[in-house]
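Hey, can you work out the whole structure from these sequences and the hints?
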Amino acid sequence: EQIVTVSKNSLDLYELNFDNVDKENKLEIDSEKGELYYEVIQEYYLTYEEFEKTQKDIDVQSSITSECLVNDMVEQNIKVSNTSDSKIYNGMVEISIPQGCSVKEESLSKLETLGYIEKYEYNYGKIYLYLRDFEKLSVKVLKIEYKANYPETITGGLVRCYDYYNPDVEGY
20 EQIVTVSKNS LDLYELNFDN VDKENKLEID SEKGELYYEV IQEYYLTYEE FEKTQKDIDV
80 QSSITSECLV NDMVEQNIKV SNTSDSKIYN GMVEISIPQG CSVKEESLSK LETLGYIEKY
140 EYNYGKIYLY LRDFEKLSVK VLKIEYKANY PETITGGLVR CYDYYNPDVE GY
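In this note's numbering, the protein residues as written are 20 to 191.
Hints in this document: simulated from the structure, not taken from any laboratory. From the three backbone atoms N, C-alpha and C, an ideal C-beta is built for every residue, glycine too. Check the hints yourself; a few may be wrong.
Keeping only pairs whose Cα atoms sit at most 20 Å apart, straight-line, the calculated SDA-like set for lysine to any residue is [to be verified]:
{"id": "1", "residue 1": "Lys-138", "residue 2": "Tyr-149"}
{"id": "2", "residue 1": "Lys-155", "residue 2": "Tyr-183"}
{"id": "3", "residue 1": "Lys-162", "residue 2": "Thr-132"}
{"id": "4", "residue 1": "Lys-166", "residue 2": "Tyr-183"}
{"id": "5", "residue 1": "Lys-159", "residue 2": "Ser-100"}
{"id": "6", "residue 1": "Lys-98", "residue 2": "Glu-154"}
{"id": "7", "residue 1": "Lys-98", "residue 2": "Leu-127"}
FRET-style restraints, in silico, Cβ to Cβ [claimed, not checked]:
{"id": "8", "residue 1": "Leu-177", "residue 2": "Tyr-149", "range": "16 to 22 Å"}
{"id": "9", "residue 1": "Tyr-184", "residue 2": "Lys-98", "range": "22 to 28 Å"}
{"id": "10", "residue 1": "Glu-131", "residue 2": "Lys-155", "range": "21 to 27 Å"}
{"id": "11", "residue 1": "Leu-88", "residue 2": "Tyr-108", "range": "41 to 47 Å"}
{"id": "12", "residue 1": "Glu-51", "residue 2": "Asp-91", "range": "55 to 61 Å"}
Right under this line is the structure:
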């Protein structure tokens, strides 16, 4: 157990780190006087090399335009490869929409019309592309377009691809 004290805006903030916790634990928080505000969080970190070793079934590569002005078109090019040993019958590509951008739906309907995806859905934060019968060793190249609502430097655009019924088969 390690205790770290930080002062900020005349408030004392305390951080408790519990290392090497392997099983379910109970935490009891008690304050003798006044109100106590707290947050319990979990943090998990892998180096890039360790992360790369976990990515074996689906390879995902993504690039996105980074600088833009209001109303600029922003392109995200995604290449998804099924490197697993079997066909993925119900694949899902989950794309985080970059903040400050809105989805150009025509780019999604074009992917559907050309047969690259089975169907698509999106909301304010994510795009979901459904892949049917994603053959082993095959590659899908997907182009998503956004409209920039603000002048900005784009961050985000995370892409996760996985087998819907076997989420252990995935790639980022």
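Consistency of the hints with the structure:
Between Lys-138 and Tyr-149 the CA atoms are separated by roughly 5 Å; this keeps the pair inside 20 Å, and the hint holds. At most 20 Å may separate the alpha-carbon atoms for a hinted pair to count; Lys-155 and Tyr-183 meet this at roughly 16 Å. Proposed proximity of Lys-162 and Thr-132 is supported: the alpha carbons are some 13 Å apart, at most 20 Å. With a C-alpha separation of about 29 Å, the suggested pair Lys-166 and Tyr-183 falls outside the 20 Å cut-off, and the hint is violated.
Distance check on the hinted pair: Lys-159 and Ser-100 sit about 6 Å apart at the alpha-carbon level, within 20 Å; holds. Distance restraint check for Lys-98 and Glu-154: the Cα-Cα separation of roughly 15 Å lies within the 20 Å cut-off, and the hinted pair is therefore satisfied. With a CA separation close to 15 Å, the supplied pair Lys-98 and Leu-127 stays within the 20 Å bound. Separation of Leu-177 from Tyr-149 is about 18 Å and conforms to the stated range, judged on CB atoms against 16 to 22 Å.
Taking 22 to 28 Å as the suggested C-beta distance range, the pair Tyr-184 and Lys-98 conforms, at roughly 23 Å. For Glu-131 and Lys-155, the hinted distance range of 21 to 27 Å is satisfied, since their beta carbons lie about 23 Å from each other. Checked against the given bound of 41 to 47 Å, the beta carbons of Leu-88 and Tyr-108, roughly 42 Å apart, stay inside it. The supplied range of 55 to 61 Å is met by Glu-51 and Asp-91, whose beta-carbon atoms lie about 56 Å from each other.
Checked against the numbered hints listed earlier, the structure breaks hint 4 alone; every other hint is satisfied.
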